[in-house]
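Visitor: Read off the chains here:
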Amino acid sequence: MSSPYFVVVCTFGAGSSLMLRLNVEAALKELGCNDFKVEVSDMGSCKNKNPSAYLCSTVLLSNLESQNPGAPVVGIKDFYNKQSLQDAVKPFLSL
Amino acid sequence: MGDIHTTNKLLHMLTPETTAFAQKVSDWREAIRLAGQLLLKEQSISAEYIDECVQVAEEVGAYFVVRPGVAISHARPGENVKRVCLSTVTLDPPVCFGHPDNDPVTLLFMFGTRDNDGHIDLLRDLSKVLSNDEMVERIMKATEFKPMYDDLHQMLS
Chain L
1 MSSPYFVVVC TFGAGSSLML RLNVEAALKE LGCNDFKVEV SDMGSCKNKN PSAYLCSTVL
61 LSNLESQNPG APVVGIKDFY NKQSLQDAVK PFLSL
Chain D
1 MGDIHTTNKL LHMLTPETTA FAQKVSDWRE AIRLAGQLLL KEQSISAEYI DECVQVAEEV
61 GAYFVVRPGV AISHARPGEN VKRVCLSTVT LDPPVCFGHP DNDPVTLLFM FGTRDNDGHI
121 DLLRDLSKVL SNDEMVERIM KATEFKPMYD DLHQMLS
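Chains L and D are the protein sequences, given in the same order.
Sequential numbering of the first sequence, starting at 1, is according to the working numbering.
Sequential numbering of the second sequence, starting at 1, is according to the working numbering.
Just chain D, same shape as in the assembly (with noise of 0.2 Å):
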């Protein structure tokens, strides 16, 4: 559950809701659009927006997979979005999705912000807990929100 105590804005976006664990999904736009479904539904974002993240990756490339095995997929900020959202996806079997170097993807995250600045806190957090390899691994390895919830909870504060 999003601690509503918390000042931290990752801890805060972080709700079993929008996060699944061990998903398998036949490639990496399964993947995405899966991400996609979890803000969806939260009506964080508009079906759009889904389409547009895989459409960014089918053109640009996987540049998002930002170190091995993780990857952060999101699109234009803008009117697709509804407010500064984050999903979090764990993938089994990790999947390809075109990296040379950091493929297979275990950890996904989707984000959404309307604007350029209104999500910058918390991409500070996610970056902090992508500098802690061993925060990393925990996350790659869970089975239940609370224990990864908490863990990262102690992290952060």
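The following block holds chain L by itself, in its conformation from the complex (with noise of 0.2 Å):
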């Protein structure tokens, strides 16, 4: 079983992927998993990091998609929303 690896993504990565990443961490715990990795990136250099998903806002979903064609990818809309938080990742942790 592997552990689950999310790349949270913003401009510069060093503003709301921050917040989004304490937040994803968050919803992981609550999740029961607590073996995972959560790292943040800036578009620029997200590339070929093979993450489990990529996280961003929905905003920048199509652009960090164009950016990494056939990753998995899912915008989040509200960081603060601890259900669709929980919703976002669930499909990527192994049972």
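Just so you know, these hints were derived from the structure itself, not from any lab.
Among the clues, some could well be false.
Said to hold, decoys possible - Non-contacting residues of chain L with respect to chain D, defined by C-beta distances greater than 12 Å in every case (computed): (1) N34; (2) F36; (3) K49; (4) N68; (5) A88; (6) F92.
Claimed, not checked - Looking from chain D toward chain L, a few residues come up when the C-beta cut is under 10 Å (computed): (7) E59; (8) V60; (9) V66; (10) A75; (11) L126; (12) K128; (13) M148.
By construction, the Cβ of each residue, glycine as well, lies at the ideal position given by its N, Cα and C atoms.
Make one complex out of these two single chains by using the hints.
Guide: Structure (structure tokens):
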């Protein structure tokens, strides 16, 4: 069983992605997952990281998808909605 | 007043000088410029930083509207920032930033940082506040600095 690995992306990797990362980590723990890796990246250097999924604001979704063709990318509307954060990461947790 | 005894970064940076309530602006650009002026006045940033914040939003979009009604504006960390800083502006009426779900924005923060980690404690504290729906609501409705500061102090201490 491999631990899930998420890359959270925003424009500079310095603001909203840091905040989203905190909430994604909290959501993973709420789901009982304690073995995971969540890292932050800026749009320019997020390629070829091969994560379980990329996460970003819905506004950046198409941009991030075009940077990473074929990779799983999930857009988040409200960074503080616990339920939707859990729903976003759940499909990538191995059971 | 930034409480000099607190180790909490957010409380330390919240000052009456960098906070403005119930501001009436014509659009999101003006809102960002207003938040920027508060930081420019205390010489925490250069004027270019404000232009950059507007430019990022124009080019990339309103991805920094992180939850309904709340935006966190910033630009690339670097030389245009003198020190880690934060301004807080509430908008009345609320203003659309162009986010498909989280518009309109009532609460706008602007932060600046010189590097990629000097502000992490600040964002952690800010994120704690933004996780609390009731506190977000109270800040949105605040009209005076002291009661808002005391509320946050109580929550974060």
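Visitor: Each hint should be assessed against the structure and marked as holding or not.
Guide: Each hint tested on the structure:
1. N34: 20 Å, holds
2. F36: 18 Å, holds
3. K49: 17 Å, holds
4. N68: The claim stands: L:N68 keeps its Cβ more than 12 Å from every Cβ of chain D (closest is about 16 Å).
5. A88: Given that every Cβ of chain D is farther than 12 Å from that of L:A88, nearest at about 14 Å, it holds.
6. F92: 22 Å, holds
7. E59: Since the shortest Cβ distance to chain L is 9 Å, the answer is holds.
8. V60: 5 Å, holds
9. V66: 4 Å, holds
10. A75: Cβ of D:A75 sits 8 Å from chain L, so the hint holds.
11. L126: Cβ of D:L126 sits 7 Å from chain L, so the hint holds.
12. K128: 9 Å, holds
13. M148: With Cβ-Cβ at 19 Å, over 10 Å, it is violated.
Violated hint for the displayed structure: number 13, the only one.
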